[in-house]
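A.B. asks: Construct the complete structure from the given sequences, taking the supplied hints into account.
Here the protein sequences come in this chain order: A and B.
According to the working numbering, the first sequence is numbered sequentially starting from 126.
According to the working numbering, the second sequence is numbered sequentially starting from 126.
Please keep in mind that the hints were generated in silico from the structure rather than gathered at the bench.
Hints are not guaranteed to be accurate.
No copy is singled out in the list; a pair is fine if it fits within one copy or between any two copies.
Listed below are the simulated DSSO-like cross-link pairs for lysine-lysine, each with C-alpha atoms no more than 30 Å apart in a straight line [what the hints assert, rightly or not]:
#, residue 1, residue 2
1, Lys465, Lys575
2, Lys294, Lys595
3, Lys512, Lys528
4, Lys210, Lys595
5, Lys207, Lys269
6, Lys590, Lys491
This structure is a prediction, so every number in the text was calculated from the model and none was measured.
Protein chains: 2
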Amino acid sequence: MAHLVTHCSFSASPAVKTFSRSPSYCCNVGQLQNSKSSNLSLKSSLKRQKKSYVTCASAAVQGQTQTPLTGSQEASGHSSSKPKKVMVIGGDGYCGWATALHLSNKGYEVAIVDNLVRRLFDHQLGLESLTPITSIQNRVRRWKSLTGKTIQLFIGDICDFDFLSEAFKSFEPDVAVHFGEQRSAPYSMIDRSRAVYTQHNNVIGTLNVLFAIKEYSEECHLVKLGTMGEYGTPNIDIEEGFITITHNGRTDTLPYPKQASSFYHLSKVHDSHNIAFTCRAWGIRATDLNQGVVYGVRTDETALHEELSNRFDYDGVFGTALNRFCVQAAVGHPLTVYGKGGQTRGYLDIRDTVQCVELAIANPAKPGEFRVFNQFTEQFSVNDLAKLVTAAGAKLGLDVQTKSVPNPRVEAEEHYYNAKHTKLIELGLVPHLLSDSLLDSLLNFAVQYKDRVDTAQIMPSVSWKKMGAKPRTVSV
Amino acid sequence: MAHLVTHCSFSASPAVKTFSRSPSYCCNVGQLQNSKSSNLSLKSSLKRQKKSYVTCASAAVQGQTQTPLTGSQEASGHSSSKPKKVMVIGGDGYCGWATALHLSNKGYEVAIVDNLVRRLFDHQLGLESLTPITSIQNRVRRWKSLTGKTIQLFIGDICDFDFLSEAFKSFEPDVAVHFGEQRSAPYSMIDRSRAVYTQHNNVIGTLNVLFAIKEYSEECHLVKLGTMGEYGTPNIDIEEGFITITHNGRTDTLPYPKQASSFYHLSKVHDSHNIAFTCRAWGIRATDLNQGVVYGVRTDETALHEELSNRFDYDGVFGTALNRFCVQAAVGHPLTVYGKGGQTRGYLDIRDTVQCVELAIANPAKPGEFRVFNQFTEQFSVNDLAKLVTAAGAKLGLDVQTKSVPNPRVEAEEHYYNAKHTKLIELGLVPHLLSDSLLDSLLNFAVQYKDRVDTAQIMPSVSWKKMGAKPRTVSV
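C.D. replies: In structure tokens form, the structure reads like this:
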């Protein structure tokens, strides 16, 4: 693996600066009609699946809701149809892409800000999404051709404040949805340089977003993706962001104590503290979405066309537990349970991720408010998931085995876990639950793509205890 | 002001790289005898004060305790007198310099690691210590000539991991005392670039120290300077690092919730979370000293000679409340109380800072233990301090006035505050309390140097609410 991310700098690496610092790096899709970056293998595969795209495309148009207006327009009763502008930072990633399309479909004016470094990580680590994904330029062009909706692109690094400033001044967002972080715990534990990269990239990127809001768009609502992993596994119930404590006869409501267990999860803890401070000091309005483990890949919008496909990671670095289990079941690989398998976490379907973000946007935090929602729908232990996948596999005629592998992480393998998650339900979230039918569809999806599975990517390759200061320069 | 710290990079700026990356950047004082960096104004002032230096020098030698041995030597009963090696990161700063001399005097083998950037900040902001301070090279040479004790110097940036690795491999510390951070809340609130610099420098520097310990010196005890400001001002008692919470019928002891109120204080919160994780994951042994506001300047060792003088900051950026009040009283400037003056914090004498660090070293944390001590001796509100300085000033014939100035910070001005601080007392701390006599000595000290006071530096120049994304390129 080429070792390209050892340095921690504000500038994007050359590989991701395609549009950065050029006189105009905002590209409407119309400008990209002659792009040479189209994916030939995708084109041929699209021919085979043309029928389903046509069907879904019309479904999407039917599903479109009324154009959401900006707050000031609502307040003034203006009949102008100027839609609310949402900047989706990290909009080329797993959750970001699905969210950008969903919001565009719902009538929001959407811009994607992304440096595309997630694609670079795949190259460096020798990984590939189970689903073929095309370039971001092709993605937004396809979206435009199917729906008539424009998604603006700002390609650059939010750690480069000049770039971010120009994006803010140009787009003038009402909402900034911030997914633009290195989001893998194992990635942050590969070696020192990845740990430092993760904390620098995530913390400084978020600081820059806060400064951009203060400087250019003070009313802008920050919707920030946190993680349930910030809380760790305390022996008491997990509340949504804050806990009321009575101690020595006095009472206060304080930030819920944080016990994160990777340099990635810690970076999100740091972000939460920084954001909370700017809400108090500057009156920033922010919603911190402490998200659980996301599974699934299809949403109404990404299912429209293969060029809109979302990525699906099943590898030991970026793959999440349930997605990885489904791929393992599909190819006859034993489900790899880390340690005792009693690790319990909150999970949600990616269709609920996009729904939650939309709910947070539609019901914004007040100026100065730092609001925390726990964003998941159900709790499972790793053993629970293995059993569910085994049972669902049996229905498809798959003989699913499970094996315990040494836990590469440092975490409790048997513990109490009860996390509240009522605030998004109160706002109207209707969860997609992990019923057998959903599992069948997840499993069927994995079976559909099983010829693309590289089993060498499945096993854990990053050890929490063994990570070192020296750069790992070979594929993990 | 030249704007030299807008970029956040692992490499030290040219101004502080004197010894970095050269084949040998560890300098014993003997190598520096012919240094051209001696300070002429200091030399002339030294002539005037020769007597006091001679007196104090012999006192220091008398005060020396038995050579502290490394843990393994103690365990094996070895009679070898190999002393415990302490690396003082940030050993040229206010607390770091006093600590380095104190530990050297107590028989520890001391090395200072510092990039000297604190001196650069003074140049950039147009500030100057009340006390003249000489170069670090002159400081350690003077210490050697007075006591015969060598302090090794490693000049470089701990954000540069190559530099830090070489320092660790060369010195092989038993203890790393880490003061090496940007330590001013107002500095971190000047503009975006200083906020980013502070969080990058502090968080990444500390991560590097943790990786250096893991890689090169796994038994090394990290003694890290935190701040009482990490806790904010909750409406319940502040405990030492952890709090036992009973919630919905279950009980757990969890990290005390953090509510920091500047990008600087937040950087220390981030450090605490990162360190706690590495204790759990890697078995690092760490003591986090959540220090209060330090006052005073003289310790037994710095009083030995003017070339050993510590810095004394009274400006609006680096000056702490009590030190600043004493200077204001000395020059007839009204004491500047921010807002209502009810802001209550923990305070301690710098002679207790050095004592606390020594106690933490002598009673190390166990492998895997993350220990937090609240390091202060007394609580005062700003109004309490103003009254004490006014009364002490009257005894010296000074007519001390107080005026309220708009609070540049965002903080509660009237609040409950009761912070525990028993752990260091239990280890043997004998506090220097802020009695009238101490205040007289502080005030007398300020009067002694009052001709050097630049009153333009006194007023607050940094606003928490008004800080912006644009660089402030003029003197603050």
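A.B. asks: Against this structure, judge whether each hint is valid.
C.D. replies: Hints and how they fare:
no.	hint	result
1	Lys465 / Lys575	within (28 Å within a copy, 68 Å between copies)
2	Lys294 / Lys595	between (41 Å within a copy, 14 Å between copies)
3	Lys512 / Lys528	within (12 Å within a copy, 70 Å between copies)
4	Lys210 / Lys595	between (44 Å within a copy, 25 Å between copies)
5	Lys207 / Lys269	within (19 Å within a copy, 73 Å between copies)
6	Lys590 / Lys491	between (43 Å within a copy, 18 Å between copies)
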